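Chemist: Model the full assembly from the supplied sequences, consistent with the hints where possible.
Protein chains: 2
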Amino acid sequence: MAGSTLRDVARRAGVSIRTVSNVVNGSVPVSDELRVRVQAALDELDYRPNLVARNLRRGRSGMIALVVPELDVPYFAELAREVITAARTHGYVVMLDQTDGDGERERELLGRESRATMFDGLLLSPLSISADELRRRTNRVPVVLLGEHIFNGSFHHVAIDNVAAARDATEHLIGLGRRRIAAIGDQPYSTGETAQLRTTGYRQALERAGLTVDEQLIVPTPRFHRHLGAEAMERLLARPEPPDAVFCYNDLLAIGAMHTLARAGVRVPDDIAVVGVDGIQEGRYSSPSLTTVAPDKAAIARTAVSTLLGVIDGSAPPPTEAKAPHRLLVRQSTAGTPVA
Amino acid sequence: MAGSTLRDVARRAGVSIRTVSNVVNGSVPVSDELRVRVQAALDELDYRPNLVARNLRRGRSGMIALVVPELDVPYFAELAREVITAARTHGYVVMLDQTDGDGERERELLGRESRATMFDGLLLSPLSISADELRRRTNRVPVVLLGEHIFNGSFHHVAIDNVAAARDATEHLIGLGRRRIAAIGDQPYSTGETAQLRTTGYRQALERAGLTVDEQLIVPTPRFHRHLGAEAMERLLARPEPPDAVFCYNDLLAIGAMHTLARAGVRVPDDIAVVGVDGIQEGRYSSPSLTTVAPDKAAIARTAVSTLLGVIDGSAPPPTEAKAPHRLLVRQSTAGTPVA
DNA sequence: CCCACGCTTTGCAACGATGCAGAGATGATG
DNA sequence: CATCATCTCTGCATCGTTGCAAAGCGTGGG
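These protein sequence lines are chains E and W, in that order. Under the working numbering, the first sequence has 98 at position 98, and the numbering climbs by one with no breaks. Under the working numbering, the second sequence has 647 at position 307, and the numbering climbs by one with no breaks.
Any given hint could turn out to be false.
[As the list claims (entries may be wrong)] Okay, the calculated beta carbon distance ranges per label pair: (1) Gly-517(W) with Arg-223(E): 24 to 30 Å; (2) Gly-654(W) with Ser-306(E): 37 to 43 Å; (3) Asp-636(W) with Asn-25(E): 45 to 51 Å; (4) Arg-400(W) with Tyr-189(E): 27 to 33 Å.
[Said to hold, decoys possible] Negatives, chain W to chain E, calculated, CB over 10 Å: (5) Arg-375; (6) Gly-443; (7) Glu-547; (8) Pro-582; (9) His-599; (10) Ala-602; (11) Ala-656.
Hints in this document: simulated from the structure, not taken from any laboratory. Note that the structure is predicted; figures quoted are calculated from it, not measured. Where is the CB? At the ideal position from N, CA and C, for every residue including glycine.
Modeler: Okay, here's the thing in structure tokens:
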């Protein structure tokens, strides 16, 4: 029951432990006769290498951790899928953890008693923890950051160009002839860097088009969840002069907003056009389907994983700020007619 | 840089390795004087225990693996979240892997060279692999199965009562006065056990209500994805006598079906009522919002984790088939008016 | 016939931690 | 004052594997 070891197999085959190891690993040549005998013993005992021991000896675990705020947020689930796939092509497996955007949990993760030492490296998508703190806490563990939060030259970092993404989305709305364009999702405080970049892009687009920015149309939300999008939209509808389009900082907010619009009998996109960010699958089948700025998640994952592995084996250049591509997917929520 | 070990700390504090270990673990009493000195050394060197070494010695890794077909399927993402949370309350972390429903991948996972030995136990949600094969391959690793596929007394197992769930959904539609009720998602072949149980429940409900089962209204789908639900619905709409309600075997199928209905200008629920299974968050904000039979995912996760830990520490009873509760959440896609 | 060489096989040490048993010091007891 | 119990603290062995260096063995060349 307890699992057989190299020693058990060696005894049974009448050879040394080392020879069994050589057969298992195949790196060192073993004579046919012994190989056959050892292989038989391996099969009979159903030997499986103890990876914990192997890892200790080799100094590598073959595991990286991916830490996201919430796994049940589709963007992170889809990203996680890509990360797992990317890691697998390098022979790595991925441990997933979620912090609920709780700074405490994020801190714990890097603390004295954390399991971080079990992993060769960490992919972090931090929400609350500050750059300084992160730097102080990740002394030895290779880290690559995902998403926009925190960059100051201390860490490798992979994200889309959030300013450009927001600008693209807003310009698309402007191109449709919309003039009162609202924004849902600003986070004008220290840990809302991604949101702030998107606000910047939104403003740029309006200004470049010669439109004035109505501050009343920028509705902040503490998180990027459906119900917060729904509430924000309610507030916008309650205004004397509601918008004719909404740029939501992610798809969940957009879906929440559309939910409110549907209940209120407002037509999308005829009365109000809606665009989101993230390109989650959910948006392809919503009614109406959702126009969105989709980051190339596979590219993000591939870049993040290979950068991290580079840091792990020491071959990585100094911290880089990698930008992944994004593209606008036009669907019913702005175009009206089905496109894809 | 390389991370300091007990030996480094011991040398610095001028004590034995063992004493440092005692300070770190706190299990054995250490005099105040030494404790202070050791603690200082620990801090100065920023000592972090090497968990790989600790695990080797202790014979436990504190990790379990959760294997699901696809992480970006909302049901699995939401379940994974609950599993991670449940595991954390027991001091365990969770490694996530996905198989894409690929039997090969599932087999690989349990094979000779798998990483399964790195984990204290496995939570499996298998799609393709057969019971026999699973039994042959999981000799030593504690396993608990999630979902309906495979149960024959060899494994602990946690799921909802799929027959009852399907019956509840169908009876709800019957209760609304619907008579031509279609079913989307049957899988009449060996690995479609969950689907078949739902078909059974669907039939039971119709028969109990004295309705005849129209085999033409049972549309199989190879997987439970949105686009397959959309296609299945197209086929149903093309029939001379379309249904007046659809029971979809999961929420993604239902959302796909509603997508098709929206494009076709069919009103939900007026013309066709739709109900799904899974209770994913997406359904609360779809338009219309989706009536669904929601499994208690937190209960499933808690039961699965504590059962698995029981198997690991040997305190578990022989394999059990645990049933988690489910409940019907009535929303617009059947009720018409907003309920929650 | 001996030596050198190449190939296979082996033993030992080590990865970093913890279990165990015993050494040393201290205090309590008869 | 001797003996024993108590409390810290330490050294050694060990978890299962792999790196390293050397031993064993057969072969070909001189």
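Chemist: Can we confirm that no CB of chain E comes within 10 Å of the CB of Glu-547(W)?
Modeler: 33 Å, holds
Chemist: Test the statement that Arg-375(W) is away from the interface with chain E: the closest C-beta pair must be farther apart than 10 Å.
Modeler: Per Cβ check, Arg-375(W) is outside 10 Å of chain E; nearest 16 Å; holds.
Chemist: So Gly-443(W) supposedly isn't at the interface. Is its beta-carbon more than 10 Å from every beta-carbon in chain E?
Modeler: 17 Å, holds
Chemist: Evaluate the given range 45 to 51 Å for the C-beta pair formed by Asp-636(W) and Asn-25(E).
Modeler: Holds, at about 46 Å.
Chemist: Mind checking the hinted window 27 to 33 Å against the Cβ distance between Arg-400(W) and Tyr-189(E)?
Modeler: About 42 Å separates the Cβ atoms of Arg-400(W) and Tyr-189(E), which means 27 to 33 Å is violated.
Chemist: Since His-599(W) was said not to touch the interface, does its Cβ keep a gap of more than 10 Å from each Cβ of chain E?
Modeler: 5 Å, violated
Chemist: Is the Cβ of Pro-582(W) farther than 10 Å from every Cβ of chain E?
Modeler: 19 Å, holds
Chemist: Do Gly-654(W) and Ser-306(E) keep their Cβ atoms within the hinted range of 37 to 43 Å?
Modeler: The hint (37 to 43 Å, Cβ to Cβ) holds, given that Gly-654(W) and Ser-306(E) are roughly 42 Å apart.
Chemist: Regarding the assertion that Ala-656(W) does not contact chain E, is the least Cβ-Cβ distance greater than 10 Å?
Modeler: 14 Å, holds
Chemist: Go ahead and decide if the range 24 to 30 Å is satisfied by the Cβ distance of Gly-517(W) to Arg-223(E).
Modeler: For Gly-517(W) and Arg-223(E) the Cβ distance comes to about 41 Å; the hint is violated.
Chemist: A cut-off of 10 Å on Cβ-Cβ distance, and Ala-602(W) was said to be off the interface with chain E. Does that hold?
Modeler: 4 Å, violated
Violation of the numbered hints given earlier is confined to hints 1, 4, 9, 10; the remaining hints are satisfied by the structure.
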